[in-house]
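In order, the protein sequence lines correspond to chains A and B. Residues are numbered in our numbering as their position in the first sequence, beginning at 1, plus a constant of 45. Residues are numbered in our numbering as their position in the second sequence, beginning at 1, plus a constant of 45.
Please keep in mind that the hints were generated in silico from the structure rather than gathered at the bench. Please note that a few of the clues may not be correct.
All copies of an identical chain are treated as equivalent in the list; a pair is satisfied when it fits inside any one copy or across any two copies.
In the DSS-like style, the derived pairs of lysine-lysine whose C-alpha atoms are separated by at most 27 Å in a straight line are [claimed, not checked]:
no., residue 1, residue 2
1, Lys-376, Lys-208
2, Lys-250, Lys-238
3, Lys-250, Lys-280
4, Lys-358, Lys-208
5, Lys-358, Lys-238
6, Lys-280, Lys-79
7, Lys-208, Lys-306
8, Lys-79, Lys-261
9, Lys-208, Lys-249
10, Lys-249, Lys-85
Being a predicted model, the structure only gives us computed values, none of them experimental.
Here is what each chain is made of, one letter per residue.
Protein chains: 2
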Amino acid sequence: MPQPAPARIGDAVEDVDTPALLIDLDAFERNLEKMAAFTKNAGVRLRPHAKTHKSAHIARLQMELGAVGVCCQKVSEAEALVQAGIQDVLISNQVVGRHKLNRLSALARHAKVAVCADDADNVVDLNAAAGQVGVIMDVLVEIDVGAGRCGVAPGDAAVTLAKEIDRARNLRFVGLQAYQGAAQHIRDFAERKMAINAAQVLTKKTVELLSAAGLKCDTVGGAGTGTYEFHTTSKVWNELQCGSYVFMDVDYGQNRMSDGKPFRAFENSLFVLATVMSKTREDFCTIDAGHKALGNDQGFPWVHELEEVTYSKPSDEHGRLDLSQTRQALKLGDKVRLVPGHCDPTVNLYDWYVGVRNGRVEALWPVTARGALT
Amino acid sequence: MPQPAPARIGDAVEDVDTPALLIDLDAFERNLEKMAAFTKNAGVRLRPHAKTHKSAHIARLQMELGAVGVCCQKVSEAEALVQAGIQDVLISNQVVGRHKLNRLSALARHAKVAVCADDADNVVDLNAAAGQVGVIMDVLVEIDVGAGRCGVAPGDAAVTLAKEIDRARNLRFVGLQAYQGAAQHIRDFAERKMAINAAQVLTKKTVELLSAAGLKCDTVGGAGTGTYEFHTTSKVWNELQCGSYVFMDVDYGQNRMSDGKPFRAFENSLFVLATVMSKTREDFCTIDAGHKALGNDQGFPWVHELEEVTYSKPSDEHGRLDLSQTRQALKLGDKVRLVPGHCDPTVNLYDWYVGVRNGRVEALWPVTARGALT
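One chain only, chain A, in its complex shape (with noise of 0.2 Å):
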């Protein structure tokens, strides 16, 4: 069973009960608007990943400013977003084994459906699973353009496999999928540059060859909000798939410009507010969210607002804060924001949003994908 919401609408934000999951609606609106004027003033489509948020209404929201759909990085999240309205989803990730394609193949007849896919076989399987059905699948050719995870090689690797495509009765080649994720978290402006535009001259050759073997790439796509800048430029890339863009975290925040100042292109709007539940020292207190309400893979989250406060120690369901460094004392039952450190993990820890605008509380929405692993 799903957890009931941890607010009412009209709330004011001390009153949400804790950990929640909190959204500044300004500040995400102002988001969404920025990467959608960016991509359409660059001449790229937009196809957000919803792996970041797994919301059908924030997906509903970036395509009403103009995103062709979204990505989604399994088949369940994929049928979540369907189920509840999204017409146009990219799994941009291989799917694998029988029960998997068979979903992936029904789902196709219900939504336009786009998979990618780096192995004969697994395209023998794409096609038989598609021909079941009566589909036709759009496939994408995933290359490996640096971040040495999934895809073929690019070049002649991924022509053998985009012709396997085409020849399937059941499948259609759509293009490539070209995401260079080790690129996003390279804290340095030039390194990160520099390893994209090692995956421009990879993907730009691959586009060739396709097309002098008869192959049109539809969709080239790749880009994530660390790197979304430089994938315009070359005109290599025509869709890109930037998700955390929309919350930020303190990962990201931690990439530098090119005049070395933090990566502040986009606004932190996702918080978890937490409770101070244990107050018996000077120097420190105890917080109510731990392992079980942050995504601390990348790092712990930052205390919004309260710069000399330290969040360490976690364990499952409790936080330290620091408070050696700060003239603020906290009292048991104060509430703090944290952002989260990584926001992908923190969201699917969470059944509900709590979007804030001027201290209350204006929206809850379900987080429709939450723990739709497979």
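Once you have looked at the hints, place chain B on chain A.
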């Protein structure tokens, strides 16, 4: 919405969709029986911590074997378990804030509920909340016996707070919460034992001071899977709160016993089943289990029965298996069992347990209190 179950009763394990949370039912049942026998022989009560499994069904199995009830860490966790039929719950934690106090006292009308306190103002609030719904709430004083997280200092401070509880019209002082969480993962046997010996001295002294003040401790609770053996000889603690013993994990498996060998008193019964979803290189493959499928906060999972294969480089939805040190090839679609680094936050990511025996799915149990954060 909860996710659909990733299997059907009777399926072969290989046919379970992934990632999935498997229980090896034979190993699991042996773990339950072993701890039940240990506590029975030692003459102490067992109140296992349900924050590990979050399952009403597993709680019932534990109580059928003699456990007096369960511990929960959150009011919402207790609500979910009480609603599913568990009638005796200790919230081994502080409950702070108007809404949580209302929920706690309402819950106490429907089950035997106790809670911990470490603050005099909180005791006033607990008393008021209990009075509003007309219940007498059982309250333990939490003392900090070395964990440095919650709890008043042992000794006089605990007596002072216990007196406040005893004076409160709607509260009943029932004992001490004396959990040394920081000791659980001290690797060296002698050091781990020493930490509990220190906690024991502090707890014993506090019990004696309380007794001298006319305050009897019905319950002196504490202990975890890492230290349970050290809590019985002294007869200071009378209620053990171990949780992880039902499943074990990589983290507990790294503790050492008195002979220097790894801690293996309980068996690994919990696994994340994952699938090889990309295999484009010789030296590694990519599986479909990353941060959203595994609690990696205490370290990465082990790959079960493939000792030379190591898990690394997790991202949100992917993990890498290094194959460079093994002759065992893994191919696309192969399934592997991972022993989670940390069982509690791993369980919280899933809606379903898939109980397996003799290679077949025998049980599908909901993770009753999954996501119960507040």
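In rising order, the numbers of the hints this structure does not comply with: 4, 7, 8
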